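Q: Sequence:
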Amino acid sequence: MKRISLVLAACALSAACSPQADEPAVAAPEVVATAGAHGAMEGGMAAAAAGDSIATQGYKASMNTMMEAMPAFTGDADIDFMKQMRGHHVAAISMARVELAQGKDAQARSLAQEVITAQEREITLIDAWLAQKGASATPPA
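Numbering (my numbering), first residue to last: 23 to 163.
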């Protein structure tokens, strides 16, 4: 039961941290026209703050890096899904590594390791799918 609670909490955190969490699934054209590239956080929850713990600094760095590295949308729902999901997976792995380095709770650390294993596997699948479609897995430098 505790493991399910941790998984549900991780899912809720992921949804809450998503820059599109407050946007409808299909936004009206006028909303799309005025929105930032990925609902930019502009500091927000990922802004550095005095007194942040090492773990908080790591989590915020993971979020900021994810947002900076997200590829532009192509207009192709499948390719965009795969590319955006890949970016989220990379951030999840980064956050899980912070938990392994800083966390103390055995269940949270175990879940972090499971996240790393699962997300790395899924990134491999996403990269193969994108390659098959002739799409780059990462944005151009």
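Treat the hints loosely; a few may be bogus.
[Stated by the list, open to error] Quick list of simulated restraints, FRET-style, between CB atoms:
| id | residue 1 | residue 2 | range |
| --- | --- | --- | --- |
| 1 | H110 | A77 | 17 to 25 Å |
| 2 | E144 | T96 | 16 to 24 Å |
| 3 | G156 | A72 | 17 to 25 Å |
| 4 | R119 | L147 | 19 to 27 Å |
| 5 | E144 | D98 | 17 to 25 Å |
| 6 | F95 | L147 | 34 to 42 Å |
| 7 | D127 | Q154 | 33 to 41 Å |
| 8 | T96 | A123 | 29 to 37 Å |
[What the hints assert, rightly or not] Calculated lysine to aspartate or glutamate pairs in the DMTMM-like style (CA-CA distance at most 25 Å, straight line):
| id | residue 1 | residue 2 |
| --- | --- | --- |
| 9 | K126 | E136 |
| 10 | K82 | D127 |
| 11 | K155 | D102 |
| 12 | K155 | D74 |
| 13 | K155 | E136 |
| 14 | K155 | E144 |
| 15 | K155 | D98 |
| 16 | K155 | D100 |
| 17 | K82 | E136 |
| 18 | K126 | E90 |
| 19 | K82 | E142 |
| 20 | K126 | D102 |
| 21 | K82 | D98 |
Because the hints were derived from the structure by calculation, they are not lab data.
Since this is a predicted model, take the numbers as computed values, not measurements.
Positions of the beta carbon are idealized from the N, C-alpha and C atoms, including for glycine.
Q: Evaluate each hint against the coordinates.
A: Hints and how they fare:
no., hint, result
1, H110 / A77: 17 to 25 Å, "holds, 20 Å"
2, E144 / T96: 16 to 24 Å, "holds, 20 Å"
3, G156 / A72: 17 to 25 Å, "violated, 47 Å"
4, R119 / L147: 19 to 27 Å, "holds, 20 Å"
5, E144 / D98: 17 to 25 Å, "holds, 19 Å"
6, F95 / L147: 34 to 42 Å, "violated, 21 Å"
7, D127 / Q154: 33 to 41 Å, "holds, 40 Å"
8, T96 / A123: 29 to 37 Å, "holds, 35 Å"
9, K126 / E136, "holds, 16 Å"
10, K82 / D127, "holds, 20 Å"
11, K155 / D102, "holds, 12 Å"
12, K155 / D74, "violated, 42 Å"
13, K155 / E136, "violated, 29 Å"
14, K155 / E144, "holds, 16 Å"
15, K155 / D98, "holds, 11 Å"
16, K155 / D100, "holds, 10 Å"
17, K82 / E136, "holds, 21 Å"
18, K126 / E90, "violated, 30 Å"
19, K82 / E142, "holds, 21 Å"
20, K126 / D102, "violated, 36 Å"
21, K82 / D98, "violated, 30 Å"
When the structure is compared with the earlier hints, violations turn up for hints 3, 6, 12, 13, 18, 20 and 21 and for no others.
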